[in-house]
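Given the coordinates of chain F, work out where chain R should sit on it, guided by the hints.
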Amino acid sequence: MSNEIKIGDPIQGHTPDGPLADKWDHYKSKIKVVNPANKRKYNVIIIGTGLAGASAASSLAELGYNVKSFCIQDSPRRAHSIAAQGGINAAKNYQNDGDSIWRLFYDTIKGGDYRSREGNVHRLAQASVSIIDQCVAQGVPFARDYGGLLANRSFGGALVSRTFYARGQTGQQLLLGAYGSMMRQVETGKVTLYTYREMLDLVLVDGHAKGVIIRNLKTGEIEEHAGDAVLLCSGGYGNAYFLSTNAMNSNVTAAWRCHKRGAYFANPCYTQIHPTCIPVSGEYQSKLTLMSESLRNDGRVWVPKTKEMAEKVRKEELHPAEIAEADRDYYLERRYPTFGNLVPRDVASRNAKVVCDEGRGVGSGLAVYLDFADAIKRLGKDVVEDRYGNLFEMYERITGENPYERPMRIFPAVHYTMGGLWVDYNLMTSIPGLYALGEANFSDHGANRLGASALMQGLADGYFVIPYTIGDYLAAQKPVDAKDTSHAAFKSAREEIKAQLDKLMNIKGEKTVLEFHRELGLKMWEYVGMSRTAEGLAKALEEIPKLREEFWTNVRIPGTGDEWNKNLEFAARVADFMELGELMARDAYERKESCGGHFREEYQTDEGEALRQDEQYAYVAAWEYAGNPSTPVLHKEELNFENVELTQRSYK
Amino acid sequence: MSTMNLTLKIWRQPSADTAGKMHTYEIGGITEHMSFLEMLDVLNEKLIKEGKDPVEFDYDCREGICGTCGLMINGLAHGPRKLTATCQLHMREYKDGDTIVIEPWRADAFPVIKDLVVDRGAFDRIVQKGGYISINTGNARDANELPIGKVDADLSFDAAACIGCAACVAACPNASASLFVSAKIAQYTYLPQGNPERGRRVLKMVQQMDDEGFGNCSNHGECEAVCPQGISIQNIAIMRREYMKAAFKSGTLQV
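Quick mapping for you: the protein sequence lines, in order, are chains F and R. Going by my numbering, the letters in the first sequence line up with residues 241 to 892, in that order. Going by my numbering, the letters in the second sequence line up with residues 14 to 268, in that order.
No lab work stands behind these hints: they were computed from the structure. Watch out, some of these pointers could steer you wrong.
To be verified - Away from chain R, derived, C-beta distances all over 12 angstroms, residues of chain F:
1) S315
2) G338
3) D712
4) E736
Stated by the list, open to error - No more than 16 angstroms apart at the CA atoms, straight line, and that leaves these computed lysine to aspartate or glutamate pairs for EDC-like:
5) K65(R) <-> E750(F)
6) K62(R) <-> E750(F)
7) K751(F) <-> E58(R)
8) K59(R) <-> E523(F)
9) K621(F) <-> E645(F)
Just so you know, even glycine gets a beta-carbon here, dropped at the ideal spot from N, CA and C.
Chain F with its partners taken away, still in its complex shape:
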């Protein structure tokens, strides 16, 4: 591999000037707007129906725009936002504990290890307040106290209690609220819903996003759709690792195809690994299940002190309860006496890897114990059951083990991706008319996302940002005829996609799509996972292109392209993950510092914590596709911190 990368022109995020707290309000008051009578002349294409996509679809339709909404599932309600468990942050200060918009802003910037934009994050904190109002008005059944007011819980990385929740199904309830609002607009005719549709390409007319190429997953037909702007709300790319807590169909294809048409991809190496997931049980494993990190409030994390003893446990010659206190290593409590088992996600994950690498893992060797024996002794079984009963049940259902009697086995898993398409303050990508919202963009979480912030960001983007900022672009555009796809750009994009699908179908090789995906995932996990080195990343940069080459000559896809064919769907997605994976490795290789979810072993403090290099790396790495996945061009956006001081995180 070549160590030299091309550096392109620096880019600007277009954050407005002025005092932080006033930026958004001032900006909104001078932004261009589309006259109400003209809004109905514009058509907005929205890809994805999760929190970002559904909230954007309903809000834009309510304003009078025509919306075409696409999702890959049988119903918009299936989008993966539905799986978010914990909650949604908002600076309501209902608990009178000193919360404020500033404090939420500050926690988010710090939690992101100072790799996000001040202006965007402050706007997010401002919008958080309206989100809760909006969702309650929609009938979202949040948890309440006996007095009838909303309840809050605490979450990692914050010293106030600001997380709103609906049992362990907050994402589901917020999504169903947004979905309902969107279906109301389907009934009015302002939103046209297209289910079972996957976006495979972006159509550019004179450099502007003016349409999409879609595959109908039910029939295999290729469709063309024209519009005045395209909103990508297609989620994150965690499935590049094959195993993750993402839904099986979550993918990067829509975003990646836009990247190949010119949209910059920002900070692809920032991935979040969640420490409390149920470990892999065998090669057939298809996905990983997350268990709420609230378990770490009462569970104690440990492994046997010695390799020898761990080996006995692995061979089931020794029951964990038989291991004496003196032979256990409660490594988080030992290394971080102040925070103990409640260190942030990235720290907890990395330490689990370290002890397993030392040969002290339990279960298959890639697991540590999360033990509730002390909590049961201290609080009684009833209290533990009341707090965590549903999680214990879920664990038992999946593993067949009773966590009241035997410590849980847990291991970290890929959970969220902070990187995504680069967007400016308006959420517009580097392609005019193409926007990215929610997890699909890179904008608000820096190098690490705090718990209960993903739901907040998806809904802020869809309900309270894009309805304003899209007007600034559309006001200067002449509306297109949404029924007219006669422009040559549609035809050529369609033919390219057809040719790609035909090519995939005609390889007729020996290995299945699943085998390739699993192989890619293993490499990504090994080299671009929890802990990265220059050496490992260099290997990834060498091996991923080879795997990609093999994929394109040896993949076997059954069936035909003209019907429901899940293997074909997956093949196209895996093909894109193979290209993205290389970019993730390159981004991680070039970022010679540790920050948030990106840990480079060469850059750590004496105590083994992430060591940022603010002088050289306080920038957003925005990658431009230059015709070949192996030779991207790097554009830097400098991050300016006018309101916060950059400090080293410490949890000792």
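This is chain R only, laid out in the frame that chain F set:
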């Protein structure tokens, strides 16, 4: 680790307008730790390697919340384990030598797309008629200006927990969607926000349920028994009460 050999009898149907039939497959190497869908993944990998068409089935989150997966397993929607969606069912429920019969959800309102995949778009069209509170973005007052008692809020949540998987329809001898529709009606009946549209909502959603070709509820209770979220059949009583009130009020029903 010991493994199981199983006989699978699976419904194969190339497309909506082609007749389907059961096919038998022998499969080995299944461990108790696999989920039911991972067992089908293993079967499909084997079929693809042999140059045969894999069995198509739908799924997404594989953690029991998205509602995409759903198979009729030995005649039971989502299989033998209570409060468990197909994706959360694990093979430790089975033993070596078992025969497992796997079919799609069967209902006139859910056309088969291929094999075990059915189209549940009818559910979206029902929701479209009123499964929401009509409020535009930006019009909400402060969330705590509207206190709602904890009991009502919890009951509303219990109903709202529905994942829309449609096991209730598949299990019902009448292929009724009453549990699904009533869960949405009940969610808003418990909340003051739902009040202004309550009559209109129930009339329109029930009408759409009928138009989609779902059957009527005759109190078998199969729906509640198979529901992975434990949605209560009491919601159907609430829906009926709401419907009667609204129908009398609107003049649709007269004594």
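Given pair status - E750(F), K65(R), alpha carbons within 16 angstroms: holds (13 angstroms)
K621(F) paired with E645(F) [C-alpha distance capped at 16 angstroms]: holds (11 angstroms)
Nearest-CB test (12 angstroms) between chain R and S315(F): The claim breaks: S315(F) does not keep its Cβ more than 12 angstroms from every Cβ of chain R (closest is about 5 angstroms).
Would the least Cβ to Cβ distance between E736(F) and chain R come out above 12 angstroms? E736(F) clear of chain R: closest Cβ-Cβ about 27 angstroms, beyond 12 angstroms.
Holds or violated: K751(F) and E58(R), Cα atoms, limit 16 angstroms. Judged against 16 angstroms, a Cα distance of about 10 angstroms means the pair holds.
Against chain R, does G338(F) hold up as non-interface, every C-beta pair farther apart than 12 angstroms? Label holds. Min Cβ-Cβ 18 angstroms, cutoff 12 angstroms.
Hey, K62(R) versus E750(F), does the alpha-carbon distance stay inside 16 angstroms? Since the Cα atoms of K62(R) and E750(F) sit roughly 7 angstroms apart, the hinted pair holds (cutoff 16 angstroms).
Given pair status - E523(F), K59(R), alpha carbons within 16 angstroms: holds (14 angstroms)
Distance rule for D712(F), whose beta carbon must clear each one in chain R by more than 12 angstroms: The claim stands: D712(F) keeps its Cβ more than 12 angstroms from every Cβ of chain R (closest is about 18 angstroms).
Violated hint: 1 only; the structure is consistent with all others.
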